[in-house]
Amino acid sequence: MATMAGCIIPPPNLNRIHRKPSLTLRDNSSLTPLKTRQPRIQFRTEFSVEKWRIGVSFFPSFLKKKGRNTEEIKEELLEAIKPLDRGADATPDDQARIDQLASELEAVFAIKEPLKSDLINGKWELIYTTSRSILATQRPKFLRPNGKIYQAINTDTLRAQNMETWPYFNQITADIVPLSSRRVAVRFDTFKIFGLISIKAPGSGKGELDITYLDEEIRVSRGYKGNLFILKMADPTYRVPL
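Residue numbers (the numbering used here): 439 to 680.
Hints listed in this document are in silico derivations from the structure and should not be mistaken for laboratory results.
Computed from a prediction, not measured in an experiment: that's the story for all the values here.
The reader is advised that the hints may include incorrect statements.
[Said to hold, decoys possible] In silico DSS-like pairs for lysine-lysine, Cα to Cα no more than 25 Å straight-line:
1) K586 / K520
2) K586 / K561
3) K586 / K512
4) K520 / K670
Based on the sequences and whatever the hints tell you, model everything.
Right, dumping it as structure tokens:
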């Protein structure tokens, strides 16, 4: 053995340097204590429980939304429309909300061929639209149509009619031509000003209309220019003049 300053320096153990460590654990005390692995086990358990809780809280809200029935959607739609003066006072946010609710109704639309349904026939009151020409929003409020506005359809005679009330009482009649089970082409033929003076409609007076939702109370339609129309049944016995 070599010594230095009175300290004994043992020679290196060559067996300990070149020898591979044994994988055999004879002493149970060399095993990793259970406590060192316990936090990891607890973390996995807590994570799984938390994941399960998230799932539980997610599914009821999903099922609740999916379970919204037609009457609930209609009620919310009608309440949202009430303060909007047929759409004349609607903000962009209001319009987006009404469009979303109308789309929800359209998604549960059960009548596949509305033009063949008797529910479509009669006089409907316009309660909401995005059409600025119908609402006349470019005019001062006192010069706009302030009374009710109606649209009537008779599919047996293929006739339609739009009617304003106070203060102008303007009317327009049209022929309708079915293009599919839910779309019609509209060809206007006669304007009636103040309910008295009849004028032949110009050849350019035409358009198209999709019936996107229909029941005994509510009808939703979309025009070829992207306008939305929501109407409420007023008189199912009304007949459009031929």
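- Keeping to a limit of 25 Å between CA atoms, is the pair of K586 and K561 held or broken? Distance ~12 Å between K586 and K561 Cα, so the pair holds.
- Item | 25 Å Cα cutoff - pair K586, K512 | Between K586 and K512 the Cα gap is close to 21 Å, so the pair holds against 25 Å.
- Message: Does K670 sit within 25 Å of K520, going by the straight-line distance between their CA atoms?
- Response: With a Cα-Cα distance of about 12 Å, the restraint between K520 and K670 holds, given a limit of 25 Å.
- Are K586 and K520 close enough, with their CA atoms no more than 25 Å apart? Distance of about 14 Å is within 25 Å: holds.
Comparing the model with each earlier hint shows no violations; every hint is respected.
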